[in-house]
Structures are given as C-alpha cells and as structure tokens.
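Participant: Residue-level listing of the chains:
Number of protein chains: 2
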Amino acid sequence: MPRFSKAVSSLRSSEIRDLMTLASRPDIISFAGGMPGNDLFPVQAVEELYAQLDIKKKQAAFQYGPTPGLPSLLESLEGFLEKKGLPVKENRLLITTGSQQALNILAKAFIDPAEPVLVEKPCFIGALSAFRSYDAELRGIAVDSDGISIEGLRQEINRNEKAKFLYITPYFHNPAGILYTAERKEQLIAILQGTNIPLIEDDAYGDLYFFEEDQERLKPIKAINPDGINVCYTGSFSKILGPGLRLGWMLVPEKIYAKCELIKQSADACSPSFTQVLADAFIRSGQIYSYVAGVRQEYKKRAAAMVSALREHLPDYVQWNEPRGGFYIWLILPNEADATRIMTLAIEGGAVFVAGKTFDPAGRQNNSLRLSYCNNTPEQIAEGIPIVASAIRAVCG
Amino acid sequence: MPRFSKAVSSLRSSEIRDLMTLASRPDIISFAGGMPGNDLFPVQAVEELYAQLDIKKKQAAFQYGPTPGLPSLLESLEGFLEKKGLPVKENRLLITTGSQQALNILAKAFIDPAEPVLVEKPCFIGALSAFRSYDAELRGIAVDSDGISIEGLRQEINRNEKAKFLYITPYFHNPAGILYTAERKEQLIAILQGTNIPLIEDDAYGDLYFFEEDQERLKPIKAINPDGINVCYTGSFSKILGPGLRLGWMLVPEKIYAKCELIKQSADACSPSFTQVLADAFIRSGQIYSYVAGVRQEYKKRAAAMVSALREHLPDYVQWNEPRGGFYIWLILPNEADATRIMTLAIEGGAVFVAGKTFDPAGRQNNSLRLSYCNNTPEQIAEGIPIVASAIRAVCG
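Chains as they are written, first to last, in the numbering used here: chain S, 1 to 397; chain G, 398 to 794.
None of these hints come from the bench; they were simulated from the model. One should not assume that every hint holds.
[What the hints assert, rightly or not] Simulated DEER-style distance windows between Cβ atoms:
{"hint": "1", "chain 1": "G", "residue 1": "E695", "chain 2": "S", "residue 2": "Q193", "range": "56 to 62 Å"}
{"hint": "2", "chain 1": "S", "residue 1": "K83", "chain 2": "G", "residue 2": "K480", "range": "28 to 34 Å"}
{"hint": "3", "chain 1": "S", "residue 1": "S9", "chain 2": "G", "residue 2": "D436", "range": "46 to 52 Å"}
{"hint": "4", "chain 1": "G", "residue 1": "A539", "chain 2": "S", "residue 2": "S9", "range": "29 to 35 Å"}
{"hint": "5", "chain 1": "G", "residue 1": "T592", "chain 2": "S", "residue 2": "E137", "range": "18 to 24 Å"}
{"hint": "6", "chain 1": "G", "residue 1": "N622", "chain 2": "S", "residue 2": "Q193", "range": "58 to 64 Å"}
{"hint": "7", "chain 1": "S", "residue 1": "A142", "chain 2": "G", "residue 2": "E553", "range": "48 to 54 Å"}
{"hint": "8", "chain 1": "S", "residue 1": "N196", "chain 2": "G", "residue 2": "N555", "range": "46 to 52 Å"}
{"hint": "9", "chain 1": "G", "residue 1": "S421", "chain 2": "S", "residue 2": "L53", "range": "17 to 23 Å"}
{"hint": "10", "chain 1": "S", "residue 1": "E137", "chain 2": "G", "residue 2": "K698", "range": "55 to 61 Å"}
{"hint": "11", "chain 1": "G", "residue 1": "E651", "chain 2": "S", "residue 2": "I347", "range": "26 to 32 Å"}
[Unchecked claim] Straight-line distance between alpha carbons at most 25 Å, and here's what the computed SDA-like set of lysine to any residue pairs gives:
{"hint": "12", "chain 1": "G", "residue 1": "K454", "chain 2": "S", "residue 2": "D27"}
{"hint": "13", "chain 1": "S", "residue 1": "K300", "chain 2": "S", "residue 2": "Y289"}
{"hint": "14", "chain 1": "S", "residue 1": "K162", "chain 2": "G", "residue 2": "R400"}
{"hint": "15", "chain 1": "S", "residue 1": "K83", "chain 2": "S", "residue 2": "L49"}
Positions of the beta carbon are idealized from the N, C-alpha and C atoms, including for glycine.
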C-alpha cells in the first residue's frame, strides 16, 4: 500500500460524483447541477469566430502560452473587467484553469495544515474542497438574507489564532442564492480593515443579475478598492461563455500575484491556449455582452417559474429566497429536518437536488437544500417542484 | 504584507519566464523551448473534425465534464494506450490538464514537507517545480547514456529515510535526450521490487522515435507490469497533437487513482471539455497515427541537421548524445565550464538555449546545456549551431 501525504490521507470520496450520475439520468428532473443549460451555449457564434481567425492565431491555439495567460486575452479581459469598475491597472490578472483553480492556487498560497480559514455557512462546495485539500481548519460563519453575519465575523476575528483569509461569494451566492446588500459590504470592509486578513471575493455569478437597479449591490468590493485590505478577486467564463472551456481568473495585488504565478506554473504550466483564443475572440467581437444579456433574461424566466411553483406547492414553514440573479434557491427547513431523507423520497418521485450538509463547512447541518433552476425549462420546473414539495411534506409534515 | 504558507514562502521566481521571452524574440534563433513547431500542428484536420461533430457533441464541449475525463475520450484513449501494451483494464485512467498536472497531483498525493523524493539528475524542470511546490527534499541520481545510475539508486534506497517515490523520464529524456536500454529498465525494476517505493514513469516523448528497431527499449515499464511496484504512468497530448489543448493523463493503480481523482476535483473540477472533444475526434478518426508518423520524420530531419552541425562545429571536449527520438541534445562541457556565461555570449551572437543548472535538482551544476531542435528548420539549425559552438570555445577554450 502506498504511503500518501498527510493532507491527502484524510480526503474521502464525496457524494458529488453519485449526485452527478443521478443528475444525468434522463428519467429524473435534476435541480442538482450548477451548470448552465446546454441549449444556451453560443456554439454557432464561437465556431464562426474561430473560422475567421488567421492561421497564426489558430496555430497559437495549439501551442503553449505564457503562464499568466495569452497576452491578447489578458488585454481583452482587462477591458471587460474595467467596465465593472475593477482596478485592473493597480493589480495583476492571472488566467486560471477555471475559477476552481484560482481558489486552489490561493489556498496553496496561504494555507498551512491545520490553519484556520473563514468561510460562509453555507459555502460553495468547490471552495470547501480546495481548502480541505490543504488541510485547512474551516470556520463557518452564518449567512442571512443580506450577507455574512457581521457579529459572527467579529467573533472569529477576535479569536487568538489569526485566520489566513476570509472567502465569500457575495453576488448570487452558491448555494444560498442571496445578493449582499451595499450596507453589509461596508460593514464587512470596516471590520476587515486593520486585521491583515486577505479577502477572497468570488464573483462567478455577478453578470447574471435580473434587475438593473441592483448595480450598486453588485459592485465588487475589489472595485470599491478599500484601503488596507488585500482583496483577491476571482471570476470565471463558466457562466458567461461555457464551463467546458475551463477558464477563470484572479485579479490580485502584485505581491500575491508573484506567488500565484509560480504556483500556477507548477500546477499546469498554463491554461488551455485553445479555449483562451476562443474566449478572446468572443470578448473582442462584443458578442459576450449581447450573449450575457440574453442568458440573463432566460435565467430570469426560469427563476420566475421556480418561484411560482414554490409559492404554490411549498408548505409555509419552509423559508427561501426569491433570487435576484444567479442559479439558486436555498430552502431552509425546520431544525430537525433531514434533507437527505427528503432527497431519497424525491428521487423515487423523479426529481433530485443537493442536500444542505454538502455546503456546510462542518459537513453536518442538513435542514436545508439547494435547488438550481439554471438547467431546466419552465415546464420541467413546473413538473419537478411538486415532487420536491411532496417529499418535504412527507418528511416534515 | 500577507502571510504565505510555508511551502510557498520558499518559492522563488525561476529564470524560465525570462528565457521564454528571449526565445520568442524574432532576431534570436531559439534552441531553448521544448515546444513543437507551430508549423507542424494539425490545424486544418482538427477544424474539419470539429465541424463534422453533431450539435450534442459541440454543446458537451462547452459543458462541465466528469472529473476523470469525458467518457468518450477515456474510451478512445484507452484504445490508443492499449496498442502500446499498457494494462488499461487493470488500472484507472485519469485525464489531466496537461501531464504537468498529472505530476502535480501525484506530488500532492505523496509528498509531505521535507520528505525525500528520488529524481534523475538532470531532471525535467516541470517535475522539479511541481515537487518543490510541495516542499520535497529532492535527491538527484545521475543519468548516463543508458539510463539512471543503478548504483546511485541503490545508495539512495539504502538510506534510512524512505523516499516517497522515484520519478523518471526513460524515453527521450528531457533534458538528457537519452533512451533507457532494456537492460537498465530490468535492473531498475529489480532494485525497486520489495521497497514499496512507487515509480512515476513519465512518457511524454515516447511516440517520437526515429528508429523502428527501438520498440523493445520503448516498451513502458508500466507495460512490463512488474510485480510489487506501483507504477504511475503519465503521458501527454502535447507532443502528439498540441500543448495548447492542455491534455495529459495518468494510468495508475486503483488505490492511487481514488486519491488522485479527489485532488483533481479540488484542483480544477475537470479538464477542458472543449479540447477533450477535439482530442477524442482526432483519435477516433485515426488521424493521430498518420500525424504522429509524419512529425516523427520531420523531427528526425531536424535532429539530423543538428547532429551534422554539431559534428562540424563543436570542440572535441564536448560530450553529447545522438538522439534516437524526442526533442533534445544534451551537451556536457568540461567540469569548470559555466553554461550561463556561454549563454550570455550566445545571445549576443543571436542564439539561445537552456543552461544545465536549470535541470539540476540542486540548481547548481552548470557544465552542461540543453539544445532543442524541435522548433527550428534545418536552415535555422545550420545558422544557429555555429553561434553556440563559438560561445563554447570563447568560454572553454
């Protein structure tokens, strides 16, 4: 038997793979996956853009690129990010193999085994798995409808051992579905200033807003550019082009960048040139803007269908958010409820979702569940939600 | 100033980036890069293959895939590897984001800080950087024209503290250019049996052989399937399709696979679906076989041009290998020679290569240098080698 490293010895198979297998069964309506609908990808547009490239660009798509990213994409992506008010000139941009890799690189940059990191509760499972893989001690801080609990954050910051960073997903949270308020962001900034705790701000869903009036709430903390906080901003092409391209990024201060570039080089040398060439053409053509505007409307329709079905079918004791963007609705059930039991019943009925404990940093609390509407038509949603609601009633009364 | 993790604090910027910048200057003939020639990529063939795919396949190219790889590519790649005699049925195949990621994942699976790992001296720089990023203690074992020194290996194995693995690149070694003999492989197997030290066998160049009669020497140790050794076999599409696709693989025993899949999931969720779809189509069309046969002949021509120029221009005191495949010729200079000084002169003259210490696990020994012929026409080679030779004479006499 080979002798594994300490951090890895404790890694155990998660239920994610089994869920994904279920989610791909054609006889089951899946509210489980956090992936865009296959029908929404700009397949034809990208194929036409590629066909128009000259032979030098096409050859470069087959070749190694620089570790930080193809210069042309770095330039076009800077333009895209600058439109969000992000301080691209005073920071460094690193293209990563999905934003999952950005989180993994930051985890490697900061975490030594058994050191504490602060995360939201519930928290994005990909971040949990990246941080666990470096043997971090995860400290979950509750999230309410306005954002992370400031009181919970204060308590964690006042502990003796200083946390290595705080990780948050303020814009259409995965899985909690919420959008931080502007006030909560200001409180968060105030409490972090002077602590020397870096902030990892994960903005994978911010472009998928449903309401123009939310612009101020959507402004990244990185764009507010608060004094004295090392903000590491991460983003992704997964929701605005396609996750199969495996392209994300981080925008970070120079000193953090220098370490992250070295980690990236040792991780996979560079991100795929082929898909970088495609993403660059997609931005430069301007089609990214019209495409994102289109999917925004589509997800808004799907969300509305789910909201309407939940209003009709859910028992009153279930608390949930009406989404203002993104992919998710988070149901909070009575304290004693077991979402895994509910899921088993729902699967028998023909629908599936993700049980809440998957997103609990401690892997325990299970009186909640995540529904995704991103990958379903309004008809599938209308058919699937009654199955989920009736499974909830069967378990919770 | 942020507080970085211990393993990362010691990482320092390497000279690789500066070299690559030099290597891309149009006024300099570069023998530095280990990348295929841009002119050799199957750009048109791949574009036509993609155009013929149905819409479902094209949509899947934009979507997340399973962490181990797209099922269709796993199947076609198994067929490709089975033709090399590899035991695909008794092992598990994991698609990785380049073989660099395969090495990084294996490093994470096995290495705790300050633990020893055995590597060749000289050694592939990507492996060194992956192992260093987990703070391994690198123990270099000399390589001669037949392979790794068995006596050196025996000494390292007999030390008190057991090494976590042995890493080798037996087939057209990077940078040493050599092909292990069948006898050396047998000796290596004999000495590893009973030690419980896993073997990482990196076979990124094996398909690029120049002589049919080398088949036995090219047979992977993984295909010999020796009793009692956990062989972790890694490979890559970089040299047989294009590095810009960022696709590699590992073929490993089930127990090692289970950990590696979890590490992969936390690293970047899955490898790029887009390029996996392209690689799958390239294998299934059968074009991979004719393409590789073609580039083999091309690299053989380039190697012959370099051999001929070196014979004509190098001083007698330089030792070097005549390549039987792959990309590299390794020059060994007199003990006191400093390849960095030679490189400075060569750059002034208009040619560049990589100095030997880059490949030394200890980062010191510098009386050697690596020349790549993969990315140059015979004419460029005939023009550049005299520049290198005259820089050697200027420094070494």
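Participant: Could you run down the list of hints and mark each one as holding or not?
Facilitator: Hint-by-hint comparison with the structure:
1. E695(G) <-> Q193(S): 56 to 62 Å: Since the Cβ atoms of E695(G) and Q193(S) sit about 60 Å apart, the hinted range of 56 to 62 Å holds.
2. K83(S) <-> K480(G): 28 to 34 Å: With a Cβ separation near 50 Å, K83(S) and K480(G) fall outside 28 to 34 Å, so the hint is violated.
3. S9(S) <-> D436(G): 46 to 52 Å: Distance hint for S9(S), D436(G) holds at roughly 47 Å.
4. A539(G) <-> S9(S): 29 to 35 Å: holds (33 Å)
5. T592(G) <-> E137(S): 18 to 24 Å: violated (35 Å)
6. N622(G) <-> Q193(S): 58 to 64 Å: holds (60 Å)
7. A142(S) <-> E553(G): 48 to 54 Å: holds (52 Å)
8. N196(S) <-> N555(G): 46 to 52 Å: holds (47 Å)
9. S421(G) <-> L53(S): 17 to 23 Å: holds (20 Å)
10. E137(S) <-> K698(G): 55 to 61 Å: Holds - the Cβ-Cβ distance for E137(S) and K698(G), about 58 Å, lies within 55 to 61 Å.
11. E651(G) <-> I347(S): 26 to 32 Å: Given a distance of about 28 Å, which is inside 26 to 32 Å, the answer is holds.
12. K454(G) <-> D27(S): holds (21 Å)
13. K300(S) <-> Y289(S): Given pair K300(S), Y289(S) holds - Cα atoms ~17 Å apart, limit 25 Å.
14. K162(S) <-> R400(G): holds (10 Å)
15. K83(S) <-> L49(S): Measuring from Cα to Cα gives roughly 23 Å; hence the hint holds.
Hint violations for this structure: numbers 2, 5, all remaining hints satisfied.
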